[in-house]
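Fit chain to chain and form the complex, with the hints in mind.
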Amino acid sequence: MTTNTDARDQLIDLAADFYDQFAAGRIPEMELPTRTKSNIEYDEESGVWTYGDRTSVRSANSVNGARKLLKAAFTIEFLADQLDEDRSSTLRELYYLSESWDNDEAQFNSQDESNDLVEDLEIVTGATREDFHMRPEESGAKVMGPLRLREQTNRGDRDIHCQLDVGQGGYQIPNNPDTIEFLENDAEFVLCVETGGMRDRLVENGFDEAYDALIVHLGGQPARATRRLTKRFRDELDLPVVVFTDGDPWSYRIFGSVAYGSIKSAHLSKYLATPEARFVGIQPADIVEYDLPSDPLSDSDVNALESELEDPRFQTDYWEEQIELQLDVGKKSEQQSLASRGLDFVTETYLPERLEEMGVA
Amino acid sequence: MTSFQSSLGEDEGIAEELAESQREISIAEFFEKNKHMLGFDSGARGLVTAVKEAVDNALDATEEAGILPDVYVEITEVGDYYRLVIEDNGPGITKEQLPKVFGKLLYGSRFHKREQNRGQQGIGISAAVLYSQLTSGQPARITSRPKGQSEAQYFELIIDTDTNEPEISVDETTSWDRPHGTRIELEMEANMRARSQLHDYVKHTAVVNPHARIELREPGLEEPWKFERATDELPAETEEIRPHPHGVELGALIKMLEATESYSVSGFLQEEFTRVGKKTADSVIDAFRDRHFGRELSWSPPSARSTVAGATNDDVADAVEAAVANKGAAATSAFAEGVAETVADNDRLSRSELETIVGNVADGVEDDTGRTFGSTVRENATAAAWRVIAGVGDDGAASNAADPDDADAAADSPIVADLYALVDGATSTRKDDGAVRAMAEALAFRIADLDGDAFRIARDDLDRLVADAAGFVADQHDATFGETARENVAEAVWSHARTVPDDPPKVRAVAGNRDAAADLLEAMRGTDILAPPTDCLAPITAELVEAGLRKEYDADFYAAATRDAEVHGGDPFIVEAGIAYGGEIPAEGSVELLRFANRVPLVYQRGACATTDVIRTIGWRNYGLDQPGGSGMPNGPAVISIHVASTNVPFTSESKDAIANVPAIEDEIELAVREAARELKSYLNRRRSMQQRREKRDVLGRILPEMADKVSEVTGRPRPDIDGALARIMNNVSVEREREDGTVRLVVENHSDVNEELEITDIVSAEPTDLSAGTVVDMDGEWFVQWKPEVASGDERELTYSVDGDADFEISVGGVETEKLTVNE
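Those protein sequences? They're chains H and G, same order as listed. Position 119 (the first sequence) corresponds to 119 in the working numbering; numbering is contiguous. One rule links them: number in the working numbering = place in the second sequence (from 1) + 1000.
Read the hints as simulated data drawn from the structure, not as lab findings. Yeah, the Cβ is synthetic: ideal placement off N, Cα and C, and Gly gets one too. Some clues are possibly wrong.
[Said to hold, decoys possible] Per the computed footprint, the stretches of chain G lying under chain H, defined by three or more beta-carbons under 8 Å from a beta-carbon of chain H, are:
#, region
1, 1710-1719
2, 1793-1802
[Stated by the list, open to error] With a straight-line cut-off of 25 Å between C-alpha atoms, the simulated PhoX-like cross-links for lysine-lysine are:
#, chain 1, residue 1, chain 2, residue 2
3, G, K1820, H, K68
4, G, K1696, H, K68
5, G, K1506, G, K1255
6, G, K1278, G, K1506
7, G, K1147, G, K1095
8, G, K1100, G, K1035
This is chain G alone, in the form it adopts within the complex (with noise of 0.2 Å):
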């Protein structure tokens, strides 16, 4: 099965090439074909999955009218089949819609839309009409009260196997009780083994869905079963976003290249895309051309080198006045002394720079003198000047510069110079000048080689080319440019070249060039771009996701996290996480974990899920639960539900079962579920702290009295009153020590009223380290950690250090009266 490489932004090409077989072979095979990916390949499946399709297309339609969705699902043995029904208040569907909704497979209109949508979730519904159709030989049969008509139209749908073509077959009146909505009505070949997975899905549907009314019927409940509704509040409204350039495919990209009005490429980045304005298309399109064209190397002018031998600023000059003929004096001088004394003023130029200077200064004589500098004499003296700078000859290469059999010219060559300056900054200082300069000498041939002289060359074949000539290097000198250094020779080389200033090709002539394509995409992808808008997604909010655990478990604790959203490839996305604790959860074996995207429960392959994965990576003994071997699920009395919200969630497969495992959304689950687990811990803490003050109390008041008691007896006393002790029994302040392998806790609590300055000493027998606060003392063997914590009432304070083996300790508090103080050790 395809990996959710391929559905990270290419749901479009799977829709296609789904729907090209479609073409091809009869709806009924296909459907055959392809069922174990549609969730349709067992009775038992079947009809979970069609349950899950029906409401979450009922859950979306009511939002969209922003009606409080008030679902019902009934499922009824009937003969051989089963029967499912699915009620909801939304707005009901007219004839029209009818087809497109229930009727083609595969031509939901949400393939195209980024948008956090639950249909993204699953092929349709229509998937689920035609599974009913050929497991029963029913139609689907369907119930519509649009809102404020009185009279409800009942329809029946088949699907033209043959042609894939939905048909009504009967459309007529009826009478309903509900004011508004759809009923749909399916009749399957079914089992109900997966009643289970059908309760989670159903009762977490629920949790997820705060603001929903649901109500499921099914032959094995004996009273029906109700979710009623935790909030008025409606989910947010999510707006529809274009696609960022940084999540699009080639595929993708190559379609819409076709199918745009644009004509420029910058134009089509600006309209088709979000976040691309135009500053963005021009640094998109600049990358487009060096990756297009190349760039064009740049050398240093005559005028900037300090090599005494070579050409001087006056033979640009020289050449330049000798490429000009029949313009008169006084201006092939003026132009030719133009050319000069701008190319003087450069630091480096390539060839098409120095082409618009010659271009320039000719405009700016022609202005001057009246005198025609036409294309061709432009030409020629760029040409002229070109060689003196370049040191190009006349054929067009820079044989003379860098012929390795002359040793001398080849010192002599402009652009070794060049080179061998630019290799020298971008390598280490302890590289021997002599292979400095063999390098940039077998740059220089290699570079000299290149077509054309205006030394244009792609960053890969620079890549190449240094390569190349490291190689060389190494055999013919005995020097090595490792990876490292090549890199940096190639990146030296890279950066002091330029962007050509030739035309993108047209966006028609991209479409058609399957390369020019994916440079396209490689320099979307290589610019930076803003993250894409979030108001595209509608997180539950952590209220709400805390209000649906409430609802469905009766816990003592509830915590909850709503992430900011983050991007990954060009998709935002939101992650939460809540937790309860405790109650009526069951204590024995592993938490519940409760998996959800885009508010649609995911009950299938939890195993392979990435909210799984974080789940068994994260520590849980320090967030105080049990956790066996400090890995894996942990246990206890607790549920944690995570959901990923995104226009764009990446599944591990089409079936839409688990969360493929995407570092960044890993990231954010992992975040977002400790931070609801630290509520959780503190939850604990507090819990446990309450209790060890309870019990102290209780065994106080039981051994105190009886120590009375003994001392009376054996002073022959009467019994003292020992009231006023156990008065101030009402200890305050708890300092506990916790050992945890190798690292000890100290956590001071203060339950009094007043702010306390407490004095602690702890006498370890080992060196303790990494102390977060306080001081260390040693102590001819024993170590002192001091610390003089201040902690106001009704705070907490924490001071960890490490300590190695199994060290001793002694821990002594003072700064508090003895009466309010609790030392747990």
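Just chain H, same shape as in the assembly (with noise of 0.2 Å):
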């Protein structure tokens, strides 16, 4: 873990650089791995996604490219002052924040300018955004089992029990899990679950408790906060993962993203990756078992299955035959679906038979 003095060297470190090329003659600007979807590559030794080796330059050269370089040396200095004061701030208001910058130049024209920035300067760096202190909007997903643990809060650090000293809404993972230290638990498995009705489905009938798991939320896209704790189980705790989603190519991405790596921030996926993540289901040889209701594959998941199978976070004989069976039959499902068969046949039946299967529980 990055101290706040290691961030703030790192920041001036990159200002130095622009003062160095500056006073060498040269017009300064800044190396970045193409962020393009051609430009990330599976890294076959750490099993995640990782910035192949084409980069572009954002220099100073052209009106857009300058306008960059201040927006950075602005937030540069923002940043480290942060650090120096220790306080945080979130993406959001950063960019509110630029308004009161003196040079209207250095001024952000849009969030998702002032969000590519700071990833620019993670990459660039080193450094994630969450050693910059800075925040996402929405909040962290939660986390509900046999787990005791300490969080570094502003108001002092915390000791929580995720089964006993929280509500039915489990423990509110912060936005960086970095400051959590793990003190004792009982787990024997990590369960990610995509959709919030499943989870309180879960914590309703009890299943942390009967199998020992940690259930931890997803909510779609996990954001990093989450992806970064389930890796700290699995490297920590030294817990197996498993992904229990919707039983469509979307869901399968989210497993992806979980196990390997997004495109977006692929320059921290050995960070935030957690490889060794297993799928549990839907699986659509579970449509079939089951005969779940379902919907019929539309053009675009035909589409995205296929693109799937070329996908080499996909290329496993498990997901080869998943995709081409479930291309075959046509159909996909949800996780609630399994509610056709009873409140309780997901916790009592289908989790149990397919952990079982799995080696996990």
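Structure follows, in structure tokens:
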């Protein structure tokens, strides 16, 4: 984990780079990996996605480039000051805060622009935005399960048990999960769940208690904090991680982003992705086996499945078989379609059978 | 009102028509009835028309005399009337010429001239004279001083409205300060409501006549309005040309036939038309014969037929021999053998050709034997041989050949066999053989019905005959011969028919026979004839079009183009276009369009003019002008001028305010305008790229010091020296991407002093198509457009491609030092 001072020094170093370029009579520039799909590579060794070798140069040689670098200089100053004062702010606050800068050219035109710049700074400095004390707007997802941890809050350290000390909603993951220290746990495995409805069902049915599961709510494409915490469960507590999503191609990509990383944050894959994570379901085979209520695949579903067949993340016998099967039956089902067999079916039959099959529980 | 059709070649007709009505009614009444088409329908318009006629006249007079025009126009209020004075520095006018020029309405010399001339535009100055006389009761006052004379002559001229004869009422010597020239003074009922048209007319005249000096005084102007000369070069002198055979109408042709001194049609054609020599005249006459007499169908001789049944070559000899009596056995036999042999040498024969063969052989035999073969003998022999060849019966018709009840006879008929071959060759291979045979028989039956035994038929009759036969076949045999098949069959038969040797009718006969004249006209139009010569045209030239605009419009940019001469109908024409942009030209509203025909500005009926239509259809956004909705008149600070010069400019109406929509002329207008517009576009692009470079320098000159301040603040070091970095920002190569609808343009401009070889990669999120250069590589849903242009110093290169929807792009450029490079996306 990077300390405030480390992150600050890295930012100042970048400013110093610009300074030195000026001093050498050169036009300041910074080099970044090209952030397009074609420059994302599957790193066989670590099993995650990382940027490839292609880079693009952001140079002050063009009007747009110069404006970007000017904004970068202003942002560096802001972040360095923030770290000095040990405060934090949200990405959105950064966007609005730029309005107060005394230079019109340095102000951001949209929040996308400021978000992108923060990502650029992450890439160039090798720090994360959490290191810069930048928070995303949305609150993190929740954890429920037999784990006691200590979170550093700005009101001091808090010890929290993720079953005993929390309500029905569970423990809220902070924006920077690296501020959490794991104290003790009885957990057997981590179960990441795509939809809020299914998470609530599992909690209501007491699945976490019955199976000593750490239930992590993903909430669609998972936030960085959720993915980071999941990775830490795996790496530090040595818990197996399984992912439970809907049975459609988009949900498989949610699994992919937990397990192998996403394009947008490919520079952080080694920090966020959990390549050991495994897929519970809904599997296409389940749709057939349990005769789940289903919708027909749309054209875009079919295209997505076909492009997943080409995707190195899914080039395993398991996935090829499942995807081919799904294309064959032409159906998709949601997690909650399991309710067609009763509300307890998922906790009493489906998950136990699947987890046993996978050798997890 | 008459459409331009009548003005295409029928000025004579209109003049004639108008003159005719003159004889029946008084000239005043005539004028009153026709003043709208003469341009005098209101006091406001009458004044403009009078100025226009007088100025046109003055310019023509001076130019014809080789004098640089100096024209003075003055309009003053005189009580209830307006007085118009026009002075020129022309050669002056003698007393004898006076009535001709100013007097008789519609008797100007220009109606029959095929020459580019201003006067072709209006009914003439005489109409203005008459208008002033009718409205004010005052005579025209004319002062003239021919070159070299010490005194000027002053005349007053009145037109006798009963006789349409001009009368000179005053004729006295006077003094005048101009060394030579003409001054006309007219008083008329008028008003100045059409002031803006008057100003437009005068200003535009100055634009298009840069060699003229023009001065205008009128009550609304505080200062005289002076247009100075921009060149000392007079327009090229024009040659008068005779009419082109493709450009006359029937009425005109008949009049020419009546008036010519030629006796033969061939002589007439060569004498009266341009581009017609002996060879062309022969082609026209052959075509005329085909139309007038029809062609003779030809048949193959027995020797050429494969049919086992039917006649043989010996039958020809036998028939000839039988037809000849009392010529002695040897001569008869030699004659018969000769005919049969010559017949066998031909692939196909018409009756006239057979007649020639018989004649030739008879001449030979006469020479050899001393026997005389008179015309009766020759005719008998021809008829006998023809019966064998064409299978015609004694009654002169091929009755046995195509009697539908006698199928065997029909099948054996020689003409059915020939027609079968023609029909078979002319129709698609999918046609059923039975249908082809039925068609051949139906044709043969109808052809046999033609008058005489020579099978003469005109092309339109042949078409009808084929259509009739096809109808019969469709009814009886359920086999369709569609439009194309019929056309092909008729064409096959026609192309195997022979032009007849008959002498064409003489000129007088054609003149007296409207049908014959129509045949001749069709023949003239149907014959390929060299385009008319173009030395009868005097374009302004691109250089002077530009000079004219430069003179009257204070703009930032000028361009002009002159096209090569083209022909419509029989009249050559040239289109020129000019564009002025920016500067003092008002930026609001649509561009100003100046229209000219033979150097005369057109100020009325802009919306009806072909020039306006063409401007509206051009996509001006491509050329850097704003055009709401992508069509219609473009907006912006621009003036577009279009000049059409022709021996006969087609107008939409007799008031000659708008050029008619003739496709050939519209095409040339478009090409000329586009040519000039391309220059405008590259100027605007250059200007924009300069602007961007300037803007870039300005912006970077501001941003970089601020950035330097900020990094020194953050790092806590003193402010760095950034002059070196700024110095490098004199970038020299720009790459620009523009996107309009589905089209993407990458433009590379090299402003450096060395050649550059670039490597440009444009990564597109949708598939690009129609690449004008470079290559595309598909990389997993992203397309890499790769292009390696070599751009010479000061040059520019362009790559275009199409891409659908809202694709994303990312461009990277290599091969150039980044300091020299500006990329605009």
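Hints, verified against the model:
Check on the region 1710-1719 of chain G: 7 of its residues sit with their Cβ under 8 Å from a Cβ of chain H, so the three-residue criterion for coverage holds. Proximity of the region 1793-1802 of chain G to chain H, defined as three or more residues with a beta carbon under 8 Å from a beta carbon of that chain, is not established by the 0 residues found. Between K1820(G) and K68(H), the direct Cα distance comes to roughly 19 Å. Compliance with the 25 Å bound is thereby established for this hinted pair. Pair hint K1696(G) plus K68(H) holds up; C-alpha atoms about 14 Å apart against a cutoff of 25 Å.
Distance check on the hinted pair: K1506(G) and K1255(G) sit about 15 Å apart at the alpha-carbon level, within 25 Å; holds. For the given pair, K1278(G) sits about 16 Å from K1506(G) by alpha-carbon distance, which is consistent with the 25 Å threshold. Between K1147(G) and K1095(G) the CA atoms are separated by roughly 14 Å; this keeps the pair inside 25 Å, and the hint holds. A distance of roughly 21 Å separates the Cα atoms of K1100(G) and K1035(G); the hinted pair therefore holds under the 25 Å criterion.
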